[in-house]
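Go by the hints and put chain F onto chain L.
There are 2 protein chains.
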Amino acid sequence: MSRDLSRLDSFLADAGFDGYLVADDGEDSDQRYLAGFDAPDEFVTLRADGETHLLVSGLEYGRATKEAEADHVVRYSDYDWAEKVEQFGREEARIRMLAEFVADCGAGASDLSVPASFPLGTADPLRKRDLSLTPETDEVVTEIRATKTDEEVAAIREAQRANESAMARAEELLRAASVAEDGTLRHEGEVLTSERVAEAIEVTLLREGCALDETIVACGSDAADPHDRGSGPLVAGEAIIVDIFPRSKATGYHSDMTRTFVKGEASAEIESWFDVTDEAREAALAAVEPGVTGAAVHDAVCDVYESAGHPTLRSDHTTETGFIHSTGHGVGLDVHELPRVSPGGGELKPGHVITIEPGLYDPAVGGVRIEDIVVVTDDGHENLVEYPVELVVE
Amino acid sequence: MSRDLSRLDSFLADAGFDGYLVADDGEDSDQRYLAGFDAPDEFVTLRADGETHLLVSGLEYGRATKEAEADHVVRYSDYDWAEKVEQFGREEARIRMLAEFVADCGAGASDLSVPASFPLGTADPLRKRDLSLTPETDEVVTEIRATKTDEEVAAIREAQRANESAMARAEELLRAASVAEDGTLRHEGEVLTSERVAEAIEVTLLREGCALDETIVACGSDAADPHDRGSGPLVAGEAIIVDIFPRSKATGYHSDMTRTFVKGEASAEIESWFDVTDEAREAALAAVEPGVTGAAVHDAVCDVYESAGHPTLRSDHTTETGFIHSTGHGVGLDVHELPRVSPGGGELKPGHVITIEPGLYDPAVGGVRIEDIVVVTDDGHENLVEYPVELVVE
Numbered sequence: 001m002s003r004d005l006s007r008l009d010s011f012l013a014d015a016g017f018d019g020y021l022v023a024d025d026g027e028d029s030d031q032r033y034l035a036g037f038d039a040p041d042e043f044v045t046l047r048a049d050g051e052t053h054l055l056v057s058g059l060e061y062g063r064a065t066k067e068a069e070a071d072h073v074v075r076y077s078d079y080d081w082a083e084k085v086e087q088f089g090r091e092e093a094r095i096r097m098l099a100e101f102v103a104d105c106g107a108g109a110s111d112l113s114v115p116a117s118f119p120l121g122t123a124d125p126l127r128k129r130d131l132s133l134t135p136e137t138d139e140v141v142t143e144i145r146a147t148k149t150d151e152e153v154a155a156i157r158e159a160q161r162a163n164e165s166a167m168a169r170a171e172e173l174l175r176a177a178s179v180a181e182d183g184t185l186r187h188e189g190e191v192l193t194s195e196r197v198a199e200a201i202e203v204t205l206l207r208e209g210c211a212l213d214e215t216i217v218a219c220g221s222d223a224a225d226p227h228d229r230g231s232g233p234l235v236a237g238e239a240i241i242v243d244i245f246p247r248s249k250a251t252g253y254h255s256d257m258t259r260t261f262v263k264g265e266a267s268a269e270i271e272s273w274f275d276v277t278d279e280a281r282e283a284a285l286a287a288v289e290p291g292v293t294g295a296a297v298h299d300a301v302c303d304v305y306e307s308a309g310h311p312t313l314r315s316d317h318t319t320e321t322g323f324i325h326s327t328g329h330g331v332g333l334d335v336h337e338l339p340r341v342s343p344g345g346g347e348l349k350p351g352h353v354i355t356i357e358p359g360l361y362d363p364a365v366g367g368v369r370i371e372d373i374v375v376v377t378d379d380g381h382e383n384l385v386e387y388p389v390e391l392v393v394e
Numbered sequence: 001m002s003r004d005l006s007r008l009d010s011f012l013a014d015a016g017f018d019g020y021l022v023a024d025d026g027e028d029s030d031q032r033y034l035a036g037f038d039a040p041d042e043f044v045t046l047r048a049d050g051e052t053h054l055l056v057s058g059l060e061y062g063r064a065t066k067e068a069e070a071d072h073v074v075r076y077s078d079y080d081w082a083e084k085v086e087q088f089g090r091e092e093a094r095i096r097m098l099a100e101f102v103a104d105c106g107a108g109a110s111d112l113s114v115p116a117s118f119p120l121g122t123a124d125p126l127r128k129r130d131l132s133l134t135p136e137t138d139e140v141v142t143e144i145r146a147t148k149t150d151e152e153v154a155a156i157r158e159a160q161r162a163n164e165s166a167m168a169r170a171e172e173l174l175r176a177a178s179v180a181e182d183g184t185l186r187h188e189g190e191v192l193t194s195e196r197v198a199e200a201i202e203v204t205l206l207r208e209g210c211a212l213d214e215t216i217v218a219c220g221s222d223a224a225d226p227h228d229r230g231s232g233p234l235v236a237g238e239a240i241i242v243d244i245f246p247r248s249k250a251t252g253y254h255s256d257m258t259r260t261f262v263k264g265e266a267s268a269e270i271e272s273w274f275d276v277t278d279e280a281r282e283a284a285l286a287a288v289e290p291g292v293t294g295a296a297v298h299d300a301v302c303d304v305y306e307s308a309g310h311p312t313l314r315s316d317h318t319t320e321t322g323f324i325h326s327t328g329h330g331v332g333l334d335v336h337e338l339p340r341v342s343p344g345g346g347e348l349k350p351g352h353v354i355t356i357e358p359g360l361y362d363p364a365v366g367g368v369r370i371e372d373i374v375v376v377t378d379d380g381h382e383n384l385v386e387y388p389v390e391l392v393v394e
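Going down the list, the protein sequences come from chains L and F.
Here UniProt numbering is used: the first residue of the first sequence is 1, the next is one more, and so on.
Here UniProt numbering is used: the first residue of the second sequence is 1, the next is one more, and so on.
Isolated chain L (complex conformation) (with noise of 0.2 angstroms):
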């Protein structure tokens, strides 16, 4: 996957640090990004000089030489790792090992920058062997990574198409239905819960390459919480959130996308709700291009849902019911990632992949969502979505 290291490099050179150093979880996507390279278990990465160094346990070496996009690839066993271990247990080899590895790799490196999320329990004492470690709050690489190249943009795309073959699966289960006399659906002589329709979709991603921790399928008052994955039979007349949001497997990359649905006949206030909705995702894609703030588009949802007469939380910020949360986020490696499309948002730039997201939420009511994902380019935006925006299925 192509990616651009060289602002991170002018980033060092001007900040007058000798290495970007990580030493995570081998799934850390920032690490992910610059080893082009992952691992169940912890490795390290060290950029310093234009160039990048690997560290990984024995385990791991075959495949990193492989496919790692790093310059160098050293192993624990180059730095007599099981001796250390027998000589000074784990913590102290593992401390030793770090620190010979930094001193090989940068030429004399002793003053780096490492993400805020550097583990505490090795910065200690790196930084008693005289290393100085200054983490990242501005999040550098974080930073680096909301502007995707187009080889990325093409891998959420495709994550994209896996997402609507999975959504259109989830309304034909909808629309397949019947209605039982309680209220509730019925597909093939059973309940259709939201863990069938889940399980269809995950199914369905699956089957198109790509793996997902979790699925919303949320109906009725489940809806009207908006991290709710939703639980039981659905029900036909009320609003249910379909939010998907898989991860290729090939490529690392997401897409994230909701529809909401509502079986047989939607009331008027689920209904309204549903326009404002498509109303307010309207008004943010019009707003988005570059140089606009994330926190202007959020704002041109707020406006919106305002002026309809919902509450959000900025014009109460303690409410619980109306639009209770952001209206998006970046999408890359992480299904959350910069930038932010929220109060303090900053500027959207040409690559930077965000979702819009209106919704409104009320436990009597329930809960709708549209979510779309834009890449901005130079001149505003385009949507990755093709899947259409109809509130009820017959």
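In short, the hints are calculated from the structure, not lab data.
Every value quoted in this text rests on a predicted model; they were computed, and no experiment measured them.
Warning: the hint list may mix true and false statements.
[Claimed, not checked] The list that follows gives simulated cross-link-like pairs (lysine-lysine, BS3-like), each with its CA atoms no further than 30 angstroms apart:
hint, chain 1, residue 1, chain 2, residue 2
1, L, 84, F, 349
2, F, 128, F, 66
3, L, 349, F, 84
4, L, 249, F, 84
5, L, 249, L, 66
What follows is chain F alone, placed relative to chain L:
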């Protein structure tokens, strides 16, 4: 899920700490264990005076009050989050909120134990506010997590049942396959690849309520790299390693099992590798009981392999063929956790759940691995695996 935090309370009291603070990615397993709660975004957990305090964003508050096993749940708005962000910016707002939260909960807590993974970017500014933070390189919570309650063992057992359904599905595909003239397997008119078998495994796991990130179905020289996930056509007569490690969505607990299959006829060499690996597995299992160290169990495996003339990392720490990994690891909320069943691994205790997974690797031959998962009992162990150990599928 029942868990025993009294050992953490004793540790804090004995070491003279006011509390244990976690401020991490909401999917960190130590935090999930302490809080009985997980979330896609950061949240904060403080254990002090025998009580568990949670600080979550407004988005997570509803679910946290319902699901978390905490004595107190507060949210960002209780600390004027929006106003603080406006006044100080996000980073400084976050630190101020954290410091106030700690002061509120711990009745003046100022001397805190934190995980080794505690983020340096949070630690440095908290220390400037006169909080003492000591990273726990002894992994106190991870150590506590190693000993499972009956309820946790039941959760792992349940994940293992799903694992066995998935393994059976993989084996069924291999049995149903025919062999083409070039030796590749065919199923329903198409080439049977690692990817197709992995997909069938993962669909089965999903239907059984499990999530998963990766599955290993590695054939031939792929299988010679223990972490290679495998790709491309499966071939008759070559060893196919199938390693499945699902996580139950309901409980968060994993299982982990590996079998090695040959379609058709196995070479004498692979057959002999399989037999000695099964012998190593049995030797390790015979050694597992309370009071025996993980190191001794690992030695039992090395003894078998070395007697049979295979190199191990014990006999030659630079070897790239033979037995080139640890015998096993703990399994729980993480698929790799304590205790270690490897050089330096400490005493096994009742309630430890560990894998036993000897294997042999050589790019010229392929790979063979057999992995069971067992719980250490008062007088030995119980093997949680009910799946047969058989190499050849016709």
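Hints, verified against the model:
no., hint, verdict
1, L:84 - F:349, "holds (27 angstroms)"
2, F:128 - F:66, "violated (35 angstroms)"
3, L:349 - F:84, "holds (27 angstroms)"
4, L:249 - F:84, "violated (39 angstroms)"
5, L:249 - L:66, "holds (18 angstroms)"
Violated hints, listed in ascending order, are 2, 4; each of the other numbered hints is respected by the structure.
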